[in-house]
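Participant: Sequence order for the protein chains is A and B. Under the numbering used here, the first residue of the first sequence carries the number 300, and numbering increases by one thereafter. Under the numbering used here, the first residue of the second sequence carries the number 3, and numbering increases by one thereafter.
Don't read these hints as lab results, they were simulated from the structure. Cβ coordinates follow ideal geometry from the N, Cα and C atoms, glycine included. Be a bit skeptical, because a hint or two may be false.
[Said to hold, decoys possible] With a straight-line Cα cutoff of 27 angstroms, these simulated DSSO-like cross-link-like pairs (lysine-lysine) come out:
hint, chain 1, residue 1, chain 2, residue 2
1, A, Lys356, B, Lys44
2, A, Lys395, B, Lys106
3, A, Lys395, B, Lys39
4, A, Lys356, B, Lys60
5, B, Lys60, B, Lys106
6, A, Lys395, B, Lys59
[Claimed, not checked] Computed list of chain B residues with no C-beta within reach of chain A, every gap over 10 angstroms:
hint, residue
7, Gln8
8, Leu13
9, Gln47
10, Thr67
11, Glu81
12, Pro114
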Amino acid sequence: DAGITQSPRHKVTETGTPVTLRCHQTENHRYMYWYRQDPGHGLRLIHYSYGVKDTDKGEVSDGYSVSRSKTEDFLLTLESATSSQTSVYFCAISVKGQNTQYFGPGTRLTVL
Amino acid sequence: GENVEQHPSTLSVQEGDSAVIKCTYSDSASNYFPWYKQELGKRPQLIIDIRSNVGEKKDQRIAVTLNKTAKHFSLHITETQPEDSAVYFCAAIQGGSEKLVFGKGTKLTVNP
Numbered sequence: 300d301a302g303i304t305q306s307p308r309h310k311v312t313e314t315g316t317p318v319t320l321r322c323h324q325t326e327n328h329r330y331m332y333w334y335r336q337d338p339g340h341g342l343r344l345i346h347y348s349y350g351v352k353d354t355d356k357g358e359v360s361d362g363y364s365v366s367r368s369k370t371e372d373f374l375l376t377l378e379s380a381t382s383s384q385t386s387v388y389f390c391a392i393s394v395k396g397q398n399t400q401y402f403g404p405g406t407r408l409t410v411l
Numbered sequence: 003g004e005n006v007e008q009h010p011s012t013l014s015v016q017e018g019d020s021a022v023i024k025c026t027y028s029d030s031a032s033n034y035f036p037w038y039k040q041e042l043g044k045r046p047q048l049i050i051d052i053r054s055n056v057g058e059k060k061d062q063r064i065a066v067t068l069n070k071t072a073k074h075f076s077l078h079i080t081e082t083q084p085e086d087s088a089v090y091f092c093a094a095i096q097g098g099s100e101k102l103v104f105g106k107g108t109k110l111t112v113n114p
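So that you can see chain A by itself, here it is in the shape it has in the complex (with noise of 0.2 angstroms):
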């Protein structure tokens, strides 16, 4: 499983809320994604950082930021909630040199 982890594993929270969602590796990766799934949609990038405070957006990066003050630490913030964010989330590490990438074990997300 690369040595990630995500927290919470599941969240319910209420819209205009602000919800961060951490993801944890263990192995020194330099590269982490964050993504989203949703039915029909397939796996979709949000954001992704190539190194400590080095991140960049993807497809669908509006209502969210990122940060990554550390190498082991990727947090996915949403501001302001909202229903349209109800997904799940996963977290990947790439590893270096071999475009690979190995996701987390996700976590669903409900915004009411």
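Please build the complex by placing chain B on the supplied structure of chain A, with the hints as guidance.
Facilitator: Structure of chain B alone, referenced to chain A:
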């Protein structure tokens, strides 16, 4: 940017039959094509991948073929078993980046 189309969206086969899932991509600079299997409620798991310097790769009952000229690649599963039932995703690396773009998935059902 890269665009990946995946077909069919659902596939039902009898146990022992073969299953084929096809994907097309748009970025001629793409050079890495992984396939993931996702069981219900679980994370996507890498099952096989192929790079653009080869045309075919096999691993026991699964194989992937790549046609760079036509920009399409396919997953072949032979002698299907009920435990092959899952959603399968293809992906392509966006040229010059470490970002994967995913197809929307194929739900494979293997009937006993």
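Participant: None of the hints should be skipped; say for each whether it holds.
Facilitator: Against the structure, the hints:
1. A/Lys356 with B/Lys44: Since the Cα atoms of A/Lys356 and B/Lys44 sit roughly 25 angstroms apart, the hinted pair holds (cutoff 27 angstroms).
2. A/Lys395 with B/Lys106: With Cα atoms ~26 angstroms apart, A/Lys395 and B/Lys106 stay inside 27 angstroms; holds.
3. A/Lys395 with B/Lys39: Measuring from Cα to Cα gives roughly 22 angstroms; hence the hint holds.
4. A/Lys356 with B/Lys60: violated (35 angstroms)
5. B/Lys60 with B/Lys106: At roughly 23 angstroms apart (the allowed maximum being 27 angstroms), B/Lys106 and B/Lys60 satisfy the hint.
6. A/Lys395 with B/Lys59: Holds: A/Lys395 and B/Lys59 sit about 22 angstroms apart, inside 27 angstroms.
7. Gln8: violated (8 angstroms)
8. Leu13: Holds, since 16 angstroms exceeds 10 angstroms.
9. Gln47: violated (8 angstroms)
10. Thr67: Consistent with the label, B/Thr67 stays out of reach of chain A, its closest Cβ about 19 angstroms off (over 10 angstroms).
11. Glu81: holds (26 angstroms)
12. Pro114: holds (26 angstroms)
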